[in-house]
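Student: These are the residues of each chain, in order.
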Amino acid sequence: MRDQTWWYVARSGGIVAWALAALAVIWGLQLSTRLVRKPAPAWVLDLHRFLGGLAVVFVGVHLLGLALDSFFSFGLAELFVPFASPYKPTEVALGVVAMYLLVAVEVTSLLMKRMPRRIWRGVHYTSYAVFVLGTMHGLLAGTDGSNVVFRWACLIVSGIVLYMTLVRILAPRRAGASRSTADRAGTAG
Amino acid sequence: MTDRSQGLTPEDLSAEDRIKRLQERRTTVGATPRARRRHPAARSRALFAGLALASFGVVGASMAATQSISTSTVAAPAPAPVVQTAVPAVTASPAPSSKATTPAPTGTRSAPVTRTRGS
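Going down the list, the sequences are from chains B and L.
1 is the number of the first residue of the first sequence in my numbering; add one for each residue after it.
1001 is the number of the first residue of the second sequence in my numbering; add one for each residue after it.
Read the hints as simulated data drawn from the structure, not as lab findings.
Honestly, I wouldn't trust all of these hints.
Said to hold, decoys possible - Derived CB-CB ranges, DEER-like:
no.	chain 1	residue 1	chain 2	residue 2	range
1	B	Leu35	L	Ala1049	17 to 27 angstroms
2	B	Phe80	L	Glu1016	56 to 66 angstroms
3	B	Val148	L	Leu1047	19 to 29 angstroms
4	B	Thr165	L	Ile1019	48 to 58 angstroms
5	B	Lys38	L	Ile1069	22 to 32 angstroms
6	L	Ser1072	B	Val167	21 to 31 angstroms
Here a beta-carbon is modelled for each residue, glycine too, at the ideal position from N, C-alpha and C.
Build the full structure now, drawing on both the sequences and the hints.
Tutor: Structural data, given as structure tokens:
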């Protein structure tokens, strides 16, 4: 392994995890708002779940890269305990909290049929926090926060998420109708 | 007629026939449609997984390429003795790297060409 390979793995894994989490949020909002009419709800739901799972996998890659990188020698405490990192503790803590929330969303989605709907929904709403915290973590803690392409990507994706969220809030009837569609499909991931 | 030896009534036989027909139909159709029904976006899943892996590689490679370009451009003026004094000042604190602001845990910073964390 080259000297900086794990450092690139960590950075690339983090960016891809952020992109996948953002896509999962957008797919979820598409499921509830049905802004685009054409894709079938079952297809959107299936892909929404898959993207969430894939985001967790790439968060794992991000952590693995950080753990194996010899420059900072991140240990388990720095990776999993908020504010334990000597490097930018607050900015890194945003990522740690986002990771825990993402895992909670995934686990509750897997156990959805075995738990009360209200609890699942409450946990699932924290995916907005996952997106916001993850974006802030990438912009503030990451080396690529100063990268123009990454900044523009954050801006565009945040705009899309904000717009879809506003549509969902301001159009409760449509959201309610599609939610019942998702319920009929068996799940609402 | 009822086949009492086997305990089957005509109704049972017809039900048995139905089950046999269903089983035959399943074997002719195969297991693929069932799998597709379970994952309506199976192809899209594979596509997105491939895209994620490809972008992971492309992003990492572009980072490495950018880093090697920046280090080579920084290292280029090194032969001139006057410039040499300025080179460590540039490489010791790579401007785009946010990580560079924290003190290095080891003395590896003394080798800036291999250890800079820019771009």
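Student: All hints, please: hold or fail.
Tutor: Here is how each hint holds up against the structure:
Between B/Leu35 and L/Ala1049 the C-beta distance comes to about 25 angstroms, which sits within the given range of 17 to 27 angstroms. Distance hint for B/Phe80 and L/Glu1016: a CB-CB separation of about 59 angstroms, consistent with the stated range 56 to 66 angstroms. Take B/Val148 and L/Leu1047: their Cβ atoms lie about 28 angstroms apart, and the range 19 to 29 angstroms holds. Hint check: B/Thr165 to L/Ile1019, Cβ distance near 51 angstroms, so the stated range 48 to 58 angstroms holds.
At about 43 angstroms, the beta-carbon gap between B/Lys38 and L/Ile1069 misses the expected band of 22 to 32 angstroms. Between L/Ser1072 and B/Val167, the C-beta spacing of about 49 angstroms breaks the proposed range 21 to 31 angstroms.
Checked against the numbered hints listed earlier, the structure breaks hints 5, 6; every other hint is satisfied.
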